[in-house]
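Asker: The opening residue of the sequence shown carries number 1 in UniProt numbering; numbering runs sequentially from there.
Be a bit skeptical, because a hint or two may be false.
Said to hold, decoys possible - Taking lysine to aspartate or glutamate and the EDC-like style, the derived pairs with C-alpha atoms no more than 16 Å apart in a straight line are:
1) Lys149 - Asp175
2) Lys149 - Asp174
3) Lys22 - Glu286
4) Lys279 - Asp252
5) Lys204 - Glu136
6) Lys91 - Glu103
7) Lys61 - Glu42
8) Lys281 - Glu291
9) Lys282 - Asp293
10) Lys281 - Asp123
11) Lys204 - Glu176
12) Lys204 - Glu134
13) Lys8 - Glu37
14) Lys279 - Asp118
15) Lys61 - Glu37
16) Lys282 - Asp123
17) Lys202 - Glu291
18) Lys279 - Asp293
19) Lys81 - Glu103
20) Lys183 - Glu136
21) Lys22 - Asp3
22) Lys204 - Asp260
23) Lys8 - Asp18
24) Lys281 - Asp118
25) Lys261 - Asp157
26) Lys279 - Asp123
27) Lys303 - Asp118
28) Lys149 - Glu176
29) Lys204 - Asp252
30) Lys149 - Asp212
31) Lys8 - Glu42
32) Lys183 - Asp157
33) Lys22 - Asp293
34) Lys202 - Glu287
35) Lys149 - Glu213
36) Lys8 - Glu39
37) Lys22 - Asp123
38) Lys22 - Glu287
39) Lys282 - Asp118
40) Lys44 - Asp3
Don't read these hints as lab results, they were simulated from the structure.
Since the model is a prediction, treat every value here as computed from it, not as a measurement.
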Amino acid sequence: MIDVCFIKTGKAFIPEADAYSKFLNCRGLSTSVVESELEASELKARLYYRFGGVLRGCIVKGTPEVHEYHTASVGRFAFLKNISKSILASKPKYYSFLNAFVEGEYYFSRQIPRFYRDMGASDAVLSLRSINCEKEFDVCYFGAISQRKNVVPAISDLARQGFSIVVAGRTNSDDELLLSQMKGVTFLGMLDRDQVLHYLSKSKAGLNIMPDEYPLTRQTSTKVIEYLVAGLPVISNQYEWINEHSRRYGYDFATISSLDKRTFQSLINNPNAIISLEKAKKFTWEEILLEIDFLGIINRLIK
Numbered sequence: 001m002i003d004v005c006f007i008k009t010g011k012a013f014i015p016e017a018d019a020y021s022k023f024l025n026c027r028g029l030s031t032s033v034v035e036s037e038l039e040a041s042e043l044k045a046r047l048y049y050r051f052g053g054v055l056r057g058c059i060v061k062g063t064p065e066v067h068e069y070h071t072a073s074v075g076r077f078a079f080l081k082n083i084s085k086s087i088l089a090s091k092p093k094y095y096s097f098l099n100a101f102v103e104g105e106y107y108f109s110r111q112i113p114r115f116y117r118d119m120g121a122s123d124a125v126l127s128l129r130s131i132n133c134e135k136e137f138d139v140c141y142f143g144a145i146s147q148r149k150n151v152v153p154a155i156s157d158l159a160r161q162g163f164s165i166v167v168a169g170r171t172n173s174d175d176e177l178l179l180s181q182m183k184g185v186t187f188l189g190m191l192d193r194d195q196v197l198h199y200l201s202k203s204k205a206g207l208n209i210m211p212d213e214y215p216l217t218r219q220t221s222t223k224v225i226e227y228l229v230a231g232l233p234v235i236s237n238q239y240e241w242i243n244e245h246s247r248r249y250g251y252d253f254a255t256i257s258s259l260d261k262r263t264f265q266s267l268i269n270n271p272n273a274i275i276s277l278e279k280a281k282k283f284t285w286e287e288i289l290l291e292i293d294f295l296g297i298i299n300r301l302i303k
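The task is simple: from the sequences and hints, build the whole structure.
Answerer: In C-alpha cells:
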C-alpha cells in the first residue's frame with residue numbers, strides 16, 4: 001500500500017502534483033501520480049489527493065481525501081459553476097486552496113479544515129540562475145495561446161518592433177500558422193519541462209499576458225513566478241494581481257503597452273527587475289511546502 005495517490009484529471013497543467021510527490025518522497029513517504037480516477041481506484045493508498053473540478057463521490061469508500069482548488073471557475077456563468085462544484089462535490093477530510101480569494105469563491109463547509117498554498121517553481125528553475133549562457137532570444141512565452149485572445153496580437157506587435165521571441169504552448173491551427181510566419185518568432189508547439197527550462201535559460205526576459213477577466217486577474221500567474229525564480233525580468237500587461245505582487249515583493253516589470261527597444265534595454269539593465277536569490281528561494285515548492293507544514297498535514301491524515 002502506498003501512502004498518497006495524487007490524481008490529475010482533465011486538461012489543466014498541474015505541476016504541483018509532481019512537486020508534492022517529490023517533496024513527500026524525499027521525506028520517506030511513498031506516492032503515486034495518476035491521470036484518472038479509475039487508475040487511482042485500482043491502487044491501494046492511505047490518502048487520495050484530488051484536484052477540482054467537480055469532485056463527486058469518493059475514490060475508495062472509507063479512505064480519506066484532500067480536495068484542492070487552485071482556481072475559481074472562469075468564463076460565462078462562473079458564479080453558477082462555483083456553486084455547482086460546491087454543492088455536487090463530496091466532502092473530503094481536508095481542503096487546499098490557492099489562497100483566501102479562491103476559497104471565498106466557493107461554498108464549502110467551514111467545518112472542514114483547510115490550508116492555503118500559493119504556486120511555486122521547481123528547484124530546476126532556480127538552478128537556471130547559475131547557468132551563464134548566450135541568450136538567443138529577447139523574450140520567451142510558454143503557455144496558453146489561442147485560449148487567450150490577447151496573446152497572438154501581443155507577440156505580433158513585439159515581432160514588428162524587431163524583438164526575437166521564442167513561443168511554445170497549445171494553439172489552434174490558425175494561430176500556429178500565424179506564429180510560424182512571423183519574422184523573429186520561433187514557434188515550438190508543445191514542449192516538455194526540460195525543453196522549457198532550456199529555452200528559459202536562452203531568453204533575456206519573460207512575457208506574461210493575462211486577460212482582463214475575473215477571476216484570472218486575482219490569481220497567481222505561474223509564468224511570473226517561474227520567470228522571477230529563474231532570474232528573468234518580466235514583461236506583462238497591468239492587472240490587479242501583478243500590480244499587487246510586484247509592490248509586495250519589490251520588483252519592477254515592464255508593461256507591454258509601453259515596451260520598445262529603449263524600455264526593453266532599461267528593463268534588462270534594471271537591478272530591481274530581478275529578485276534576489278533569497279527571495280527566489282521563497283517561491284520554490286520546497287520552501288512553500290515547508291512553510292505550510294505540508295508533511296505534517298499529510299502525516300496526520302494517513303495515520
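Asker: Flag every earlier hint the structure violates by its number, smallest first.
Answerer: Violated hints: 11, 17, 18, 27, 34; rest satisfied.
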